[in-house]
Amino acid sequence: MTVVGATGVINALATPIIQVWQMSELAEMTRAYDGKGAVPPDRYGSIDKAMASARAAIPGNNPQFIAFPGGAFSSKHHYAVFFQGDTPLTERMLVPALIDAETGVFTDARPMPWYAQALLFSQPLHFGDYGGLPLKILWAVLTLFTMIVLGSGLYLWLGKRRSGTDALVREVETGGTLAPAE
Amino acid sequence: MTRRRGLRAVFAIPLLLALASIAGLIVALTGDGVRDAASWIALAIPVFAVGWAMKTRRT
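Which chain is which? The protein sequence lines are P and U, in order.
Under the working numbering, the first residue of the first sequence carries the number 1, and numbering increases by one thereafter.
Under the working numbering, the first residue of the second sequence carries the number 1, and numbering increases by one thereafter.
Next comes chain U alone, as it looks inside the complex (with noise of 0.2 Å):
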């Protein structure tokens, strides 16, 4: 069952993800009010990529 995927291709998402956190984290500390908010926007990124990733399980 092997797939020839590339690794940049393996990763990409997950790369994404890594930068979406970091950036949701960093904006907050920078500011309050709407800093906030975009930083919760961006921290629930990775939180909803586990759950859809938990929905549409693949054997």
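Here chain P stands alone, though its shape is the one from the complex (with noise of 0.2 Å):
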């Protein structure tokens, strides 16, 4: 339960996250295009040949999505190919290679920073989709433990605001002759 609440603050941080991204690494690896307007999409070159000029870049990985320019993910004058590493850890340390949308040519790669390193992270620890059948089934238990005392203690909670605890001492001293008045 700590591990979702606490992923689950990660998560909700994403927006930011990736806005700092965008600000500051994405800004440096751009350096060279400042100023320059976004490049208008009938100007975009092709998706392919950004594919090949990331894949030279960054060889033997596996590419797990492509960011188009003016999104959150990329510049405004970039393809990001977003490479995965090649062991099941590094599988979700996504590297992305950034090209130049207009003429294909590749512009920089870097591994994202910590903070977003986090984020990646704290998905699948959030919604406990991974690691095969048992565990999902196993956090489905855990989770369901987790309701169960949350609805258990609601329902103490509400009882003993109703008949308060001079009702329940009473209950205990007479041996429990004498229930709580609804």
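These are calculated hints, taken from the structure and not from any lab test.
Careful, some of the hints might be misleading.
[As the list claims (entries may be wrong)] Subject to a maximum C-alpha distance of 30 Å in a straight line, what follows is the list of computed DSS-like cross-link-like pairs (lysine-lysine):
id, chain 1, residue 1, chain 2, residue 2
1, U, 55, P, 160
2, P, 49, P, 76
3, P, 136, U, 55
[What the hints assert, rightly or not] Where chain U lies over chain P, by a calculated footprint (3+ residues, C-beta under 8 Å):
id, segment
4, 118-126
5, 137-150
Here a beta-carbon is modelled for each residue, glycine too, at the ideal position from N, C-alpha and C.
Make the complex out of the two chains shown on their own, each in a separate frame, by following the hints.
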């Protein structure tokens, strides 16, 4: 439950985290393009060419998704091809490769900073949707326990509010013969 | 019915359970195959602890 709560906070910060990444790292990687206007869609170059440049820059890894110019995950002039790592751990650590959207030329690629990595790890920890079926089943059982604790706690607390502590004390003293008034 | 047990004694086993669960969750992230199996065992520990606690109810 603690893990879900903590990762929930991190996940909720997703938008600011991406925005900070955009403003800092992404801006550094594309410094040469500062001041140029956004590339209009009719001048976008071929995606195949962009993908080929990206693969040449980062050989061997699988691309996970491509961000188009102007969106939250890229600058205004680049395709961003996000590569997964090749071990199960680094699978979630994406490395974006920026390709100029017009010419298909490789600009820069570097791993994302620690706060973005934290965001990428928070997602599976928050939803428990990894690790094979047994883990998902165990996760569901633990969730059920949490719900029972919450439900029974609420029930007890509401009951106590209605009848008060004195009534409970009376019930104990008389050996259970005087039930608390409803 | 006050029993004098220090705070540490009360929270010792729950802390172990918490550590086992967190370790299980993280290990499953780091790999497939045998690591998944290890994490299932680690995560089953708190589930069994709850089951045991429900069985041995003390008033």
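Evaluated hints:
1. Distance hint between residue 55 of chain U and residue 160 of chain P is fulfilled; the C-alpha atoms sit about 26 Å from each other, no more than 30 Å.
2. Proposed proximity of residue 49 of chain P and residue 76 of chain P is supported: the alpha carbons are some 18 Å apart, at most 30 Å.
3. Among the hinted pairs, residue 136 of chain P with residue 55 of chain U is consistent with the structure: their alpha-carbon atoms are about 24 Å apart, no more than 30 Å.
4. Three residues within the 8 Å Cβ limit are the bar, and the segment 118-126 of chain P against chain U gives 3, so the coverage statement holds.
5. Here's how the segment 137-150 of chain P fares: 5 of its residues keep a CB closer than 8 Å to some CB of chain U, so the rule of at least three is met and the hint holds.
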